[in-house]
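**Q** Sequence:
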Amino acid sequence: MPALVRLYIRNVIVGFALSAVFVGALLWLNVANLWHLISTSPQGWIAVVMLFVFNGIVFAGVQFAIVIMRMEQKDDDSTGGRKAPVGAAVPALADIPATTGWKPAPRR
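For the numbering used here, count along the sequence shown from 1 and bump the result up by 45.
Calculated directly from the structure, the hints in this document are not laboratory data.
One or more of the hints may lead you astray.
[As the list claims (entries may be wrong)] Simulated restraints on C-beta separations:
no. : residue 1 : residue 2 : range
1   : Trp73     : Ala134    : 55 to 65 Å
2   : Ser84     : Ile111    : 55 to 65 Å
3   : Pro47     : Gln88     : 36 to 46 Å
4   : Pro47     : Ile141    : 22 to 32 Å
5   : Pro47     : Trp73     : 34 to 44 Å
6   : Ile111    : Trp147    : 50 to 60 Å
7   : Val112    : Ile91     : 30 to 40 Å
8   : Trp147    : Met95     : 58 to 68 Å
9   : Leu49     : Ala137    : 26 to 36 Å
10  : Ile54     : Phe97     : 16 to 26 Å
11  : Ala110    : Gly69     : 17 to 27 Å
Ideal placement from N, C-alpha and C gives every residue a C-beta, glycine not left out.
Modelling step: build the complete structure from the supplied sequences, incorporating the hints.
**A** As structure tokens, then:
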């Protein structure tokens with residue numbers, strides 16, 4: 046299996062583990078009376094599954110993005126380029142004819 050695919054799968058597993066911890070904390074702390082709503086409703090398990098899956102998708106994506114962005118490659122050469130000065134910007138002049146006055150649009 047390619048290294049990038051292994052990295053992605055590992056980060057998806059970490060993201061869904063974080064989602065499980067997050068949803069467990071939401072229910073344990075009874076945020077917005079969520080535990081009561083879920084435990085008293087016959088369809089409460091659907092809400093828990095949706096919270097877990099959707100938060101898992103978000104956390105997995107963020108986890109993978111963080112890992113990818115931290116994969117930097119240092120350049121071995123330290124020459125830094127020539128650092129030539131850039132010329133000053135000169136504004137371009139445009140001739141705009143002056144109007145004699147404002148005229149309303151013709152009525153239909």
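**Q** Looking at the structure, which of the earlier hints fail to hold?
**A** Of the numbered hints given earlier, those the structure breaks are 2, 4 and 9, listed in rising order.
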